[in-house]
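Student: Fit chains B, C, D, E, F, G and H to the supplied structure of chain A, relying on the hints for placement.
Residue numbers (the working numbering), protein chains in the order written: chain A, 1 to 148; chain B, 1 to 148; chain C, 1 to 148; chain D, 1 to 148; chain E, 1 to 148; chain F, 1 to 148; chain G, 1 to 148; chain H, 1 to 148.
Simulated from the structure, these hints should not be mistaken for lab results.
Hints may be right or wrong, so weigh each one.
Claimed, not checked - Label pairs and their calculated CB-CB ranges:
| no. | chain 1 | residue 1 | chain 2 | residue 2 | range |
| --- | --- | --- | --- | --- | --- |
| 1 | C | ASP14 | D | GLN146 | 48 to 58 angstroms |
| 2 | D | THR37 | F | GLU44 | 26 to 36 angstroms |
| 3 | F | GLN24 | G | TYR89 | 43 to 53 angstroms |
| 4 | H | HIS12 | G | LYS20 | 37 to 47 angstroms |
| 5 | E | HIS39 | H | LYS18 | 41 to 51 angstroms |
| 6 | G | LYS114 | A | PRO29 | 17 to 27 angstroms |
| 7 | F | LYS55 | D | GLN146 | 33 to 43 angstroms |
| 8 | D | PRO29 | C | GLU17 | 50 to 60 angstroms |
Cβ coordinates follow ideal geometry from the N, Cα and C atoms, glycine included.
Number of protein chains: 8
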Amino acid sequence: MKYTVYLSGEIHSDWREKIKNATQEHNLPIEILTPNTDHDSSDECGAGILGAEEKPFWKDHKAAKLNSIRHMTALNRADIVIVRFGEKYKQWNAAFDAGIATALGKSLIVEHAKELTHPLKEVDAAAMAVAENTEQVIEILRYLCQDY
Amino acid sequence: MKYTVYLSGEIHSDWREKIKNATQEHNLPIEILTPNTDHDSSDECGAGILGAEEKPFWKDHKAAKLNSIRHMTALNRADIVIVRFGEKYKQWNAAFDAGIATALGKSLIVEHAKELTHPLKEVDAAAMAVAENTEQVIEILRYLCQDY
Amino acid sequence: MKYTVYLSGEIHSDWREKIKNATQEHNLPIEILTPNTDHDSSDECGAGILGAEEKPFWKDHKAAKLNSIRHMTALNRADIVIVRFGEKYKQWNAAFDAGIATALGKSLIVEHAKELTHPLKEVDAAAMAVAENTEQVIEILRYLCQDY
Amino acid sequence: MKYTVYLSGEIHSDWREKIKNATQEHNLPIEILTPNTDHDSSDECGAGILGAEEKPFWKDHKAAKLNSIRHMTALNRADIVIVRFGEKYKQWNAAFDAGIATALGKSLIVEHAKELTHPLKEVDAAAMAVAENTEQVIEILRYLCQDY
Amino acid sequence: MKYTVYLSGEIHSDWREKIKNATQEHNLPIEILTPNTDHDSSDECGAGILGAEEKPFWKDHKAAKLNSIRHMTALNRADIVIVRFGEKYKQWNAAFDAGIATALGKSLIVEHAKELTHPLKEVDAAAMAVAENTEQVIEILRYLCQDY
Amino acid sequence: MKYTVYLSGEIHSDWREKIKNATQEHNLPIEILTPNTDHDSSDECGAGILGAEEKPFWKDHKAAKLNSIRHMTALNRADIVIVRFGEKYKQWNAAFDAGIATALGKSLIVEHAKELTHPLKEVDAAAMAVAENTEQVIEILRYLCQDY
Amino acid sequence: MKYTVYLSGEIHSDWREKIKNATQEHNLPIEILTPNTDHDSSDECGAGILGAEEKPFWKDHKAAKLNSIRHMTALNRADIVIVRFGEKYKQWNAAFDAGIATALGKSLIVEHAKELTHPLKEVDAAAMAVAENTEQVIEILRYLCQDY
Amino acid sequence: MKYTVYLSGEIHSDWREKIKNATQEHNLPIEILTPNTDHDSSDECGAGILGAEEKPFWKDHKAAKLNSIRHMTALNRADIVIVRFGEKYKQWNAAFDAGIATALGKSLIVEHAKELTHPLKEVDAAAMAVAENTEQVIEILRYLCQDY
Numbered sequence: 001m002k003y004t005v006y007l008s009g010e011i012h013s014d015w016r017e018k019i020k021n022a023t024q025e026h027n028l029p030i031e032i033l034t035p036n037t038d039h040d041s042s043d044e045c046g047a048g049i050l051g052a053e054e055k056p057f058w059k060d061h062k063a064a065k066l067n068s069i070r071h072m073t074a075l076n077r078a079d080i081v082i083v084r085f086g087e088k089y090k091q092w093n094a095a096f097d098a099g100i101a102t103a104l105g106k107s108l109i110v111e112h113a114k115e116l117t118h119p120l121k122e123v124d125a126a127a128m129a130v131a132e133n134t135e136q137v138i139e140i141l142r143y144l145c146q147d148y
Numbered sequence: 001m002k003y004t005v006y007l008s009g010e011i012h013s014d015w016r017e018k019i020k021n022a023t024q025e026h027n028l029p030i031e032i033l034t035p036n037t038d039h040d041s042s043d044e045c046g047a048g049i050l051g052a053e054e055k056p057f058w059k060d061h062k063a064a065k066l067n068s069i070r071h072m073t074a075l076n077r078a079d080i081v082i083v084r085f086g087e088k089y090k091q092w093n094a095a096f097d098a099g100i101a102t103a104l105g106k107s108l109i110v111e112h113a114k115e116l117t118h119p120l121k122e123v124d125a126a127a128m129a130v131a132e133n134t135e136q137v138i139e140i141l142r143y144l145c146q147d148y
Numbered sequence: 001m002k003y004t005v006y007l008s009g010e011i012h013s014d015w016r017e018k019i020k021n022a023t024q025e026h027n028l029p030i031e032i033l034t035p036n037t038d039h040d041s042s043d044e045c046g047a048g049i050l051g052a053e054e055k056p057f058w059k060d061h062k063a064a065k066l067n068s069i070r071h072m073t074a075l076n077r078a079d080i081v082i083v084r085f086g087e088k089y090k091q092w093n094a095a096f097d098a099g100i101a102t103a104l105g106k107s108l109i110v111e112h113a114k115e116l117t118h119p120l121k122e123v124d125a126a127a128m129a130v131a132e133n134t135e136q137v138i139e140i141l142r143y144l145c146q147d148y
Numbered sequence: 001m002k003y004t005v006y007l008s009g010e011i012h013s014d015w016r017e018k019i020k021n022a023t024q025e026h027n028l029p030i031e032i033l034t035p036n037t038d039h040d041s042s043d044e045c046g047a048g049i050l051g052a053e054e055k056p057f058w059k060d061h062k063a064a065k066l067n068s069i070r071h072m073t074a075l076n077r078a079d080i081v082i083v084r085f086g087e088k089y090k091q092w093n094a095a096f097d098a099g100i101a102t103a104l105g106k107s108l109i110v111e112h113a114k115e116l117t118h119p120l121k122e123v124d125a126a127a128m129a130v131a132e133n134t135e136q137v138i139e140i141l142r143y144l145c146q147d148y
Numbered sequence: 001m002k003y004t005v006y007l008s009g010e011i012h013s014d015w016r017e018k019i020k021n022a023t024q025e026h027n028l029p030i031e032i033l034t035p036n037t038d039h040d041s042s043d044e045c046g047a048g049i050l051g052a053e054e055k056p057f058w059k060d061h062k063a064a065k066l067n068s069i070r071h072m073t074a075l076n077r078a079d080i081v082i083v084r085f086g087e088k089y090k091q092w093n094a095a096f097d098a099g100i101a102t103a104l105g106k107s108l109i110v111e112h113a114k115e116l117t118h119p120l121k122e123v124d125a126a127a128m129a130v131a132e133n134t135e136q137v138i139e140i141l142r143y144l145c146q147d148y
Numbered sequence: 001m002k003y004t005v006y007l008s009g010e011i012h013s014d015w016r017e018k019i020k021n022a023t024q025e026h027n028l029p030i031e032i033l034t035p036n037t038d039h040d041s042s043d044e045c046g047a048g049i050l051g052a053e054e055k056p057f058w059k060d061h062k063a064a065k066l067n068s069i070r071h072m073t074a075l076n077r078a079d080i081v082i083v084r085f086g087e088k089y090k091q092w093n094a095a096f097d098a099g100i101a102t103a104l105g106k107s108l109i110v111e112h113a114k115e116l117t118h119p120l121k122e123v124d125a126a127a128m129a130v131a132e133n134t135e136q137v138i139e140i141l142r143y144l145c146q147d148y
Numbered sequence: 001m002k003y004t005v006y007l008s009g010e011i012h013s014d015w016r017e018k019i020k021n022a023t024q025e026h027n028l029p030i031e032i033l034t035p036n037t038d039h040d041s042s043d044e045c046g047a048g049i050l051g052a053e054e055k056p057f058w059k060d061h062k063a064a065k066l067n068s069i070r071h072m073t074a075l076n077r078a079d080i081v082i083v084r085f086g087e088k089y090k091q092w093n094a095a096f097d098a099g100i101a102t103a104l105g106k107s108l109i110v111e112h113a114k115e116l117t118h119p120l121k122e123v124d125a126a127a128m129a130v131a132e133n134t135e136q137v138i139e140i141l142r143y144l145c146q147d148y
Numbered sequence: 001m002k003y004t005v006y007l008s009g010e011i012h013s014d015w016r017e018k019i020k021n022a023t024q025e026h027n028l029p030i031e032i033l034t035p036n037t038d039h040d041s042s043d044e045c046g047a048g049i050l051g052a053e054e055k056p057f058w059k060d061h062k063a064a065k066l067n068s069i070r071h072m073t074a075l076n077r078a079d080i081v082i083v084r085f086g087e088k089y090k091q092w093n094a095a096f097d098a099g100i101a102t103a104l105g106k107s108l109i110v111e112h113a114k115e116l117t118h119p120l121k122e123v124d125a126a127a128m129a130v131a132e133n134t135e136q137v138i139e140i141l142r143y144l145c146q147d148y
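For reference, chain A alone in the conformation it holds in the complex (with noise of 0.2 angstroms):
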């Protein structure tokens, strides 16, 4: 059975590569869809197409708004959505697109270290799997992937 996949989340480690490999690897039928992962083209995309900014809100707010159309399609788009949690970073925008997929109904998988259990809490209670690394996850869709 096939599957469209969001991989949202954190963007400092190598963890969307490790599933694109994967999904090649065992030839799994899912389409994968990521947000801009390259972060500084991700901070500077408002003020680079649409003219600089003297505060940094602004500058902020418009590649923010810029991104979420990425975003947002990838997120409607999606069957599964699966946000990674590492170990840096506030990483606001990873619990705030777990709360985007919950509503719109679509099934939220987590992954993240033991120690971010406590802290996580309300999210992992919305998702359907909480992972302690990508190879689980890995594991996940090819188990959900499988023809019967």
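Tutor: The following block gives chains B, C, D, E, F, G and H in isolation, referenced to the frame of chain A:
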């Protein structure tokens, strides 16, 4: 004009009391909904009512699910969802609520200190107002409640 | 905080009375909705009002459709749907109601004895709380109704 | 006319194979979706992929949630949901799927032996067809696929 | 249990009065909504308020659109939509209302004489009850309003 | 621009063939969906596949429900729903389909002779075009399919 | 029959007062919602409450977003949305509100002078009534509120 | 990542051609949908196909409704709706489309000259990007289509 308002987010300062007091003082036609703001009872409710768990993950899970009944009822009932982000803690539940509010088409108001602008840019981008303090939030509510 | 609660499921014990009594005793701001709990009138309503049927299938069909008007109105109106599974009978209508509640985005609370865990795992997985007895359900409602 | 069909319900007989074979034999333009029909792997997937649990409740919980990703994707994608009820087991998951299908506005076809009419009356009342055997289900699909 | 009920369909007999009287007599907690039952004012409202039209098509068009404001408000607000088909006239508006009610997920009750069974089979198939007279409709409402 | 079009309504003239022929002749990028246009098989399908019924009501009921699977799939999939009303028969199913199409937000095109204007005014009021003959419907489709 | 009515659009004449007066005079069961009709405070609210902006774009942005909280709450709550287009100004916000009302399935009434017919044809095409003056709008409301 | 994009709004300059050319030149995976951009045929389609009208109102009405079939299909199908406001004409249809796009949850991009900022502030407030020229719009599309 009357509104139903859900005050989500940070529970370690008295911002909800300020809003409630202002609502009473100015006689605003606002129905206020809140999460459980007693941190301990919020963490313990699942194990306390439904039975203890050895693993912290499941203890948190039971509590978070129980509390989600209140949160989802409030999010569905509200016209306006106000989310405050404080300086401490991960507060992923606050960003998660903001995501749900956005996807449900609720009007989102976010309050946070200027320093949090960059990590909150995706949440701010979906908000109808970004306030720097609770006084501004109160001014917004007073403004919105006026009759013409 | 107030709630509208639909008490679906098993009708052969007095669990609804316990909840109603507790609601009154603790003065909980809960509007309680119920199915027809009189088994005979529930089975006979279709043939009784709209005319007898020779085939049991159509007799049941007319009754089930008539009762669905009450069920669907209650399911749509409720914030919380509580479904109790007893030890006897197939109770497919209870699981059916739980499925509707889930798809409508209602908060689901399930009550059943521990022995039924395995066959009810799909229903439990969609629930915000799984209680083992009505006393726990009442504790949940008391907890959720608290004001902060 | 083509359809996407989800075959939910009982997994202890070969009814899905019969439908798949008929689809091929008659060249019906039907995309068939199924749950995991391997009972053991379905029960073990949660603990197997995401780690063992001491309590049977949580083992079942993890498996049921993982499988719900497949079920919900199939239920959302399907035009028609076919649910078969067998003679054995509680099969609450089948009635639960039927409830979700109904609330999502999918066309529901139910198959069950005559003896199960009374306990299944609420599910049957929401169905567009109630078949007594898989041959009838196949005839329905052949009829629906005709072009005019 | 209380209901909001929209009485759509035929306006040339006193069936709505019978239901209103029974509601009062039995003190049923039902809010009744109706279309404009004054045939002349219903036909003339568009031209009368918004200006005459030479072509009958546009005269009818203006009236039908104006009346649709009332109809759509009632259909959206109702829990139950009751549609009566009489012996005379085309009554396509009644079947049209039944279609809207069905797609909005409202519980549909249809009343018509036995002779109209074949041409009304598609409407009946979507109904939760098919009554042959207004007395049966009243019995249904009395049954549904009972408290347990 | 391409469209999916459902041709609902009257099945006693060759209007669907005219539209299909024009679609081919002008190479229009339109996917055409139709109901079962073979009157006899449409009436007999329920009893034929699922077993005979003594009462005409239930025979009609089984057929109408079976056919509704095709109708609802087509109504949900269509961008445009075209409903033709002929001179004969009650055709309540056509008005019923028009109501569903309207509530689902589909673009409705109605075709009928001028004489039917008054009884069809509510349906016409919800339509995006009211044609007097199939040639006009074809012109509309040709117009809508043009690329710019 | 009662209605909730949102009076959107032009704020430079006294048309809302006329409707409010008529509502009181004729004792119509209508709840009236309005935007902020004080042009200055509407333009200044964002900068006034949330801080000044150098660029006019962001000053307007903050005000427009703040006001959208009121507009969206009113549009979601209304049964009927009435939009008046005056002779002056661009009034794109009025057409924007009409678009939202249409997509939300609200009944739209438009009021404008005959001279504006051509540029408003798309908005008029989605309206249930197109009035040329406020007196006609009042007549419509009186007509819709009648009980039968 | 691929997108479906609807280019709504002004039809008196060659902005759509610029976007189409850029899409081809840069090989962007974008499906472009447009309204009828031939002003004359757009105005005449209703009377031309469905018969002449004496009153300009009804001539416009028939054309606008016919064109709405194309517009609503495109608005429902699009991931991104781009609306350009030119210097001339009222362009209420452009703001109306923007309102529909917003209520349907589509990502809105607005293009207009700086001078139109104040009257377009409500539309801009709902947009994910406000561009001052078509070159910026093209840069946005190139940015959004990148794969990571």
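Student: Determine for every hint whether it applies to the structure shown.
Tutor: Now the hints, each set against the structure:
1. For the pair ASP14 of chain C and GLN146 of chain D, the supplied restraint of 48 to 58 angstroms holds, since their beta-carbon distance comes to about 53 angstroms.
2. For THR37 of chain D paired with GLU44 of chain F, a C-beta distance near 34 angstroms keeps the hint of 26 to 36 angstroms intact.
3. Roughly 51 angstroms separates the CB atoms of GLN24 of chain F and TYR89 of chain G, a value that falls within the hinted 43 to 53 angstroms.
4. Range check, HIS12 of chain H to LYS20 of chain G: Cβ separation about 41 angstroms, and the 37 to 47 angstroms hint holds.
5. Remark: the range hint 41 to 51 angstroms for HIS39 of chain E to LYS18 of chain H is contradicted by a beta-carbon distance near 57 angstroms.
6. The hinted window of 17 to 27 angstroms between LYS114 of chain G and PRO29 of chain A is violated, with their beta carbons roughly 59 angstroms apart.
7. Between LYS55 of chain F and GLN146 of chain D the beta carbons are some 27 angstroms apart, a value that contradicts the proposed interval 33 to 43 angstroms.
8. Evaluation of the 50 to 60 angstroms hint for PRO29 of chain D and GLU17 of chain C yields a pass: the beta carbon distance comes to about 54 angstroms.
When the structure is compared with the earlier hints, violations turn up for hints 5, 6 and 7 and for no others.
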